[in-house]
Amino acid sequence: MRVGPGAYLLLSALLFGIGVTGVLIRRNAIVVFMCVELMLNAVNLSFITFAKTNGNLDGQVLAFFVMVVAAAEVVVGLGILVAIFRKRSSASVDDVNLLKG
Amino acid sequence: MLLTATLFAPLVGALLVAFVPADRAQPARWVALAASLATLGLGVVLAARFETGEAGFQLGMAADWVPAFGVSYRVGVDGVSLPLVLLTTVLTPLAIAGSWRMTDRPRSYLGLLLVLETAMLGVFVSLDLFLFYVFWEAVLVPAYFLIGSFGGQRRVYAAVKFFVYTLLGGLLMLVGIIALFWLHQKATGVPTFDYDTLRDFDKAPATQRWLFAAFFAAFAIKTPLWPLHTWLPDAYTEAPTTTTVLLAGVMSKLGVYGFLRFALPLFPDAAHWFQPALLTLAVVGILYCALVATVQRDFKTLVAYSSVSHLGFIVLGIFAFNVQGLQGGVFYMVAHGLVIGGLFFVIGMLEERRGTRRIDEFGGLQQAVPRMAAVMLVITLGSVALPGLIGFVGEFLTLLGAFLENRAAAVLAALGVILGAVYLLWAYQRMWHGPLEREENRALPDLTGREWAILGPLVAAIIVLGLFPRPVLDRVEPSAQRVVEQTQASSP
Amino acid sequence: MHLLAQATAELLPLPQIDWRAIAPELALAAAGVVLLMVVAFWPKAGRGVLAGLTLAGLAVAAGLTAWNWDLSRVAFEGAVSLDGITRYSRMVLLAVGALATLMVTQGDSREGEPDDTPPEVFPLLLFALLGMVLLAAASDLLVVFIALEILSLSLYVMAGSSRRQAAQEAAMKYFLLGAFSSAFLLYGIALCYGATGTTNLLGIARASADPTGDGTLLLAGIGLLAVGFCFKVSAVPFHMWTPDVYQGTPTPVAAFMAAATKVAGFAVFLRVFAGALGGLVVSWRPVIAAVAVLTMLVGAALAVVQTDLKRMLAYSSISHAGYLLVGVAAAATVPAGVSASMFYLLAYAFMVMGAFMVVQYVSRLGPPDDDAIRERSSLDDYRGLARRHPWAAGLLAVFMLALTGIPPLSGFWAKYYVFLAGIEAGLTWLVVVAVVSSVISAFFYLRVLVVAYLQEPVGDAEAAPGRTPVLGLALGLASLLTVAIGLAPEALVSAARTAERILG
Amino acid sequence: MTRLLAATSAEQAELVVFVVLAPVAVVSALGMVLNRNAVYSALLLVVNFFCLAGFYVLLEAQFVAAVQVIVYAGAIMVLFLFVLMLLGIGNDEVLKETIRGQRPAAVLLTLGLLVALVGALLAGVFDAEPASLAQANAGGNVQAIGRILFTRYTFAFEAAGILLVVAAVGALVLGKRQP
Amino acid sequence: MLLGQRLRRLAGWLATLAVAAAFVVALAAFLELLSHDAEGRSQILRGYEWFSSGDLRVAFDLRWDPLSALMALVVTGISGLIHLYSIGYMEHDERRQTFFAWLNLFVASMLVLVLAQNFLVMFLGWEGVGLCSYLLVGFWFNRRLLLVNPLGRLVEGEPDDTHEVWAPPAAKKAFLANRIGDIGFLLAMFLIFATVGSLDFDDVFGQATGLASGTATAIALLLFVACTGKSAQIPLYVWLPDAMAGPTPVSALIHAATMVTAGVFLVARTHAFFEVSGTAQTVVVVVGAATALLAALIAIGQDDIKKILAYSTVSQLGYMFIGVGLGPIGYAAGMFHLVTHAFFKAQLFLGAGSVMHGNDDDTDVKHFGGLRTAMPVTFWTTMLAWAAIIGVPLTAGFYSKDQVLAAAFEHGGIGRLAWVVGVLTAGLTAFYMSRYVFLTFFGERRWPEGRHPHESPPVMTAPLVVLGLGAVVAGFVLTTFTGEGGRFQQFLEPVLGAPEEHESLAAAFGLSAVATGVAAAGAVAAYLLYARQVDWLALRRRYASPWRALADRLYVDQAYELFTVTLGGALAAFLARTVDQRGIDGAVNGVAELVGSGARSGRRLQSGLVRSYALGVLGGAVLIVAFLVFRP
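Protein chains in written order, with this note's numbering: chain A, 2 to 102; chain B, 181 to 672; chain C, 2 to 505; chain D, 1496 to 1674; chain E, 980 to 1611.
The set of hints was computed from the structure by calculation and includes no laboratory data.
Don't take every hint at face value.
Unchecked claim - Here are some chain B residues pointing at chain E (derived, C-beta under 10 Å):
hint	residue
1	Leu-471
2	Gln-507
3	Phe-511
4	Gly-544
5	Ala-553
6	Phe-572
7	Val-597
8	Leu-605
9	Trp-612
10	Pro-615
11	Leu-616
12	Val-656
Bear in mind that the values here come from a model prediction, so they are computed numbers and not experimental data.
For every residue, glycine included, the Cβ atom is placed at its ideal position computed from N, Cα and C.
In isolation and in its complexed conformation, chain A is listed as follows (with noise of 0.2 Å):
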């Protein structure tokens, strides 16, 4: 009995779809971009997973790059989030519908 790489596969599967779930059904802002984080940090658990199955290290360095990846969008995504915060302060992202039809 060992843990074989479909273990960690279906963790990371689990947790993409955790986030997925919180992404439609939170609706702070804030929280619903964390659950993106979470997103891709369950990819870079299946690319690490890979890397092992294939033997080789590009899984670990993409996984690398999409941590850097990740930075920039929060420092961009949280920058957006304050600008709308400032107009109107609220974080709910039902509260922005002004464009709809």
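Could you slot chains B, C, D and E onto chain A? The hints should help.
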């Protein structure tokens, strides 16, 4: 080269009109008229240079346009298209003269009329399927604006309906054209839209049917064939009358011309396969629209329906696949163009005078405007195909052709001839005969010099071509004969 | 010293940098940085100056593109590949960038209002372009992902930097959904990597070619990749952000998004699906075809009921994405699919930018109102435009007819070419759907003309839009291109033909 | 003999760690999603990231694990918390759903996605024998990563640089000039 | 022919001279024709080619043979006189020149019709005369004319004894009825061309004998349809009485003497087909006989003098058709009756016109009486014509009618039936014509106060005299040479062929005696009823319902009206309002509406909420991935 000049002269005229300062209406009118007359002149030269008795295309010109797509600029006329070209070049100046009094943005109006002329001429002379399609769609734009921005009450509805309806047909035809092009390229490796090439390369009957159906969509809607006709009464009725003259006089011929020039020679087997269906549609259209016309209250709508009915005869003649039918069909196109043009012109003049087209607003007009009544009578009789007038030759030949091919169809269509007399004479009686009861009708002025200049040529043509149709018929015959041969089904 | 160099060399072999291959990108990056410096250290620099510098940068990049024109190779160990798609998209993107720069310079704020975009928008525009050209050239999924993020982040910021509330809402929606979908894309990359052991497109192509294993994992990855790309090109059902974002963001930015994002998105779409995954076409073609059908019909149908021109253009851009997807579906088996799509992108880019330019022009009409939450782009603002601004109306007509696909305007050839490709690929049914969709779309394009031409103006004459020389120039260029391509498409078509061979 | 024992013990160790960490990761993730207080959510996410770091170690990705702890759990999450505090929106969020049918739809679709993904994994590399990264990691994981990072991934690396510039500019633009 | 206002007064004379000239030319040509022997008696004048298509060639060729010569003479002669008459009759009409222009146009078309050498040119004339009839009937397009209510002001609930109608509807009715017939002509031509491959008379009749009887029957019947239209036979006769709305000279020329006989001429001209098909002949005879009887009956019930004459015309045409329907034996007789009828019926109409002229355009026999003193010339000439039509021995009518009946009797079979009907009709004819004469010229004066009946000017009476004499003499002149194998028949033989054998004189005498007797009985009955002091109005009231049946033309017109106007109109309205607008156009707009509603509902999905958009993304992703993973 001459043909190209004829083709684009109106477009040049339109540009010149556009450069006339916005506030000067009169010069714009003169420029437009001059341009259209110049086109007419070129058309006449064209006819003079035309070799009677030649079946093939003449006076043509060919040049690459988009070699990457195998699209070329190839134009030419034969006996079938020449009369239609002339019809177009004749009606346009008259239409421009007819809109002389128009005060609402005359510049744009006349410019659009000229653009429309070029587009329609293009359809008649294109010998490259792609070029043909381009002109085919190009017709829509000026027509749309003419109907939509200068028309009557429900003009927007009419214009959009017309545009969308026709566009649907056109695009389906485009699919057909592309498919044909692709089949040819796959078979021979040569990418080309050239008319003759695509006609001579043989296609499996099954394929032909699909392609024919695609072309049918465009032509049947444009003609229009029953039951695809409902855009037409709206469009004709709402359009300003001089536009209606061009729509009914020339544009309605595009569809039948398409059948004659493309659908038949390109897909002979399919044409035979579809023949019964088309004859049926034509006959139904003839009778149905004639009946519907009888109860119209607006004379313009009445004439619109009559036009659908008459085009049924043309389709009947074309799908008779014999020289009488085809020749008669082409002659009928010319006749119908002149006659219905005249009808709409007279309506327009009445509308100018009285501001209405409702039949029951008139009555006894012959007393007030006897000359107009006389002219109208000639035109009406031409429309009911009285022997000796232009309408008869076409109707006789088309019906004869149909009779030789399918007796039942011809007999039923002949009933349409009676109905045609019914609604037109009844309308004539209600508008021009009887007592002059309405006060506002008493003081109507009779035809002015300008109006004589418009109607005179038409009436003359209606009578002269009725008694001496051969100048037209002789030029048509060889080409019609050729089409008949090309339409022979390869596999009986 | 020498020894040290040797030591480091064997310890860490210095990478081969193929400078020439990425020269245009470098130029863009450099220009971007320079502009940043200018904005930072010379706050009083007018928009004219910035615009001039931007255009200069674009010009240099264009020059380098031309210099690289017949360069055809895979550089950076398969990270980027220079082939037809790359250079064609570079050309189109740079042109679009130039037009967008002009629009931004004019701005859509009236006299007496502060500019609604900060000066940083110029460098951001350049960086966005950089991301797009990279995306078009990327032949490694990682580079694809990074390039995608570069352009997305720039666009988020450009959208959000407007003072208008609607713009910020648009930015937030775009950002959240973009991040969400890029997570899917990333998962797709992960699965592809897991299935093939590499993210390099050439490697993936090689791996997908050999029949070991049933490739389900790879297919799942492909599906997720498709999700990511479809989101970027706003295909149904991943389109819902599009109308809100286009309507909310400042018109120049919206135009830039509509034109440039599509170009880049479809470039990569083609490279990945038609190129690397061409071997699996039988598996993914149904998906793309289905998405295409949905996209064409939904886009056209929803556009019919819009009352705001920007929003309507957004839906129209959705339906156009549908036509392009027809090209993509065909591309794997028919080379014409690739060139058709590229040509379509070219034609579409200028048409849609032109349309947005007219919107920008009209949005400047009327009295200034500083705290408007969004610009005036309601159809009612176009009533009787022909009477008061005949030229604007005329150009609007040109662009609308081109978008409808009326010959002889550029849009017609584009549509024709895509239809041709579709029929060649045996997707005639798809083409017929496209026909139906374009008939539906005629309704709303005409509706604009109806409003502009056939309806009487409401209210008294609005204040003049002020002098708009730059916008006028941009409009002139866009319309000129639209008409010229329509009359003589030959050169650009044959140029597109060179894109048919996809390297890695 | 001893090597064998060692090997098995290593595997057993991996098993133990996994069995311990996996539930924690899942629970923390669920907690993050379900907790009505944003701050707690953030903290739970941090926990989750630590677990992930643990997995990375198990999967012979020491460098990434370190970056995960430093960059993610450290920098990024701190940024999140900082913004939460700044905007003072750490307070409780009403969890009542307002969009009709959103939650069931969300859950169902997520399950659907999971089913599809799991299907793919099962068909794919599910029980593939994990290759060893031994020779790849020869000379240390960090060195190895550095090597390919600066050879095969040079271009991506430079691109990432641009990305960060954009992010910086973006933060600048979004942060300044608010009335 | 449209002359300026100044020349208006001259117009009539010019027109008359033109026709007279035509007559002279025709006469000359006729004499020249007589100079040839039988074979040489059909000459063809080649004209230019009208149009051609494929193997169809149509040229304006004219034919001059005994038949056409005969018709040409009748047409030009009679119309010359009527032109002259019209000068006086139309004196006070300000659109005289138009009138004469159209009248001449008519003569021209009629000549084209009779001289044509091929079917299409004949059709040209055929439709041309129809057009002229349309124009001339509707000439007073805006004048009220009074139609007499047959019951007079004698039935309760009849406020007025007249009601107004307009000429235009009558004109239209005439044209349409003709149109229906013309379609028969058209189809006949198609069938001929389809089977024979030419429309030239020589080619066609050359091959006619070789035709399958089925085809021949079809052609013949189609042609006969045309005849029923043009010559007012059952079922298309209804237009002729209405056509009386036109000026009386028109009625005389077109609707009595010339145009309406074109049908008879057509049958004679195309006899080849009828001979091949016995069926067609039978049909012609039966229709002719039925029409003769029916029209004669209806004529009894009419009070409008022009209507009486109109129905009489219809009835007499029936006789002619009986004649030409019988085959070679009857052609000559039919044509003979055509000629004589032209004389006396023209006279009767002109006489009636003269009566109206002298009585303020009144047409109601009830308002006349005792006019013989007031208008002697009119009276006497009318009496001559009367004698002719009822067949007083030695008058033209006697001879021609007698020949028709004799031919019918001798033909046997259906001919015998036709003979019986013919004799019966002769009696009825005598009755209603006598009624007309008695009520108009005899008895006490019934015209209203303040009316001063007066004789017409010589320009009108002169033609009356000529025609009246003609009515008496024509028959005599022609028959004295006729009888057995007489000139007239011989003259026509080259065209119509010769009958087989001749009837015995005795039988012929017996037959004519019977006919004459019956006619005399009819005349006497009329005399007893209308010329004595019988209160015929009282009788009319007592037998109101049978009378009304006659007066209302046995309800035939009403039936037609119900069928065409009411039902046809309803159908058209249904098609236009329901099928076209709701059905077809509704479907078209429905599609558009469908798109619109679909879009509106789709719009609701676009809620503006990020999370629903995300849901969309996820949904799409699930579908795509699931499809790719679990590939069908």
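Okay, the hints, checked on the actual structure:
no. : hint    : result
1   : Leu-471 : 4 Å, holds
2   : Gln-507 : 5 Å, holds
3   : Phe-511 : 8 Å, holds
4   : Gly-544 : 5 Å, holds
5   : Ala-553 : 9 Å, holds
6   : Phe-572 : 8 Å, holds
7   : Val-597 : 6 Å, holds
8   : Leu-605 : 5 Å, holds
9   : Trp-612 : 7 Å, holds
10  : Pro-615 : 5 Å, holds
11  : Leu-616 : 7 Å, holds
12  : Val-656 : 9 Å, holds
The structure meets every hint from the earlier list without exception.
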